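Count the sequence shown with the working numbering and you get residues 34 to 395, in order.
Keep in mind the hints are simulated off the structure, nothing from the lab. Everything numeric in this text was worked out from a predicted model, so none of it was measured. Note that CB positions come from ideal geometry on N, CA and C, so glycine has one too. Keep in mind that a hint or two might mislead.
Restraint ranges, calculated between C-beta atoms of paired labels, are given here [stated by the list, open to error]:
no.	residue 1	residue 2	range
1	E161	N201	23 to 31 Å
2	D224	S261	41 to 49 Å
3	E331	A112	51 to 59 Å
4	N179	F99	47 to 55 Å
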Amino acid sequence: MDKLSSLIEHVRFNCELASVRQAGMYSVCGLAMRLRDLYKWEHGLMPWEEGDAKDVLQWIGQKEEFWDQIYNMPFKPIALKGITYDPFDTGPINQRLAADCLYYGAGMGEGTIPSFFLGTVVKNGWVEGLNVIIVEKEYARDLMTNPAFSKDQEIVIRKASALYYLWNSVMFARKENQRVFQICFREFGVDTWDLEAIKNVLNALLEKHLDVFIYHEIGELKDNTMESQKFHLILDRFQRTIVEFLLRAIKDLLSDTHEKGRFPWLVGKRDLSGLALSIALLDDFRRILYSDICNALELIQGNNGWDSFSEAISKSREKAKKILLPILDIIEDVSLSSDEVLERIKKFISSEIKCNSQNLHN
């Protein structure tokens, strides 16, 4: 990697700068969890390994001091083989990196805030006409580590980030989610909620269920219920508000219930473990939005259980479409200010989804 040390250095700097901007998005607890994971990554620890508390606090202090120093700096361009690229020009950069089995990610993440990473490609193939790239070891990353993402006709799975995501989901799982996780873990010989046993099977679980992440992204690329350009224009206007959180959740449900999405695919395979994992990973608000699917999991081992689950998928998809229309009507009402839109959306969530809007915040 010596010949690419300059590239890694520049991407890492951009990751630091992105982290500065991302830090303000999160609650105190949310930021602490992400800083903890970043510390583990920088120090080569597994997700379930903890650093010394004193060392972690010292590292956080140094990190915040460095972030203060670079706060107003611009992102660095990416230089490869004598050619300089804009840091967001991922296409030609990745063409250059392909021979070294590297993948460079750059774009706007949650809250339309930049995010970057650089990692090693371990697998590259095609699924449903889409290019699927599996990235394992990461040389640069920021606070915002999504386990998977899609862009144009390309899906990228970040295995290292997915492992952190899985472990955190297990660590902070509530009782109802623990019960669902255990349906998945039984396939790997873990019959009780034993964190030591769970960590020993987590790599195998991730390897077996990578398709759970892949088919969510396939559904997202295939579903056209909401025009992509309109979706991103709305996100630009309502960054880090309940509108963004709500639309992302509805879009996830539409993706998962699309005929090429993960739930129809898992039903087709009769993959109970994969279904349980997909449901266990849902946050509190999505559990409400996906309620028919969550309830159907309880029935799946009975007579006609799989048929009932398919019906729940169809019902959930129609519910998502039904919810989406009035939400878009409110957002696109030119007579309303942004504050008025937010108030109307809060009332809609309370009356129609039967949920407190606070449940949308991480």
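Beta-carbon spacing of E331 to A112 - inside the hinted bounds 51 to 59 Å or not: Holds, since E331 and A112 (Cβ atoms, about 55 Å apart) stay within the stated range.
Taking the CB of D224 and the CB of S261, does the distance hold inside 41 to 49 Å? Holds, since D224 and S261 (Cβ atoms, about 44 Å apart) stay within the stated range.
Could one say that the CB atoms of N179 and F99 fall in the range 47 to 55 Å? violated, 24 Å
Can the suggested window of 23 to 31 Å be confirmed for the beta-carbon pair E161 and N201? holds, 29 Å
Figure legend: structure checked against the earlier numbered hints; the only hint not met is number 4.
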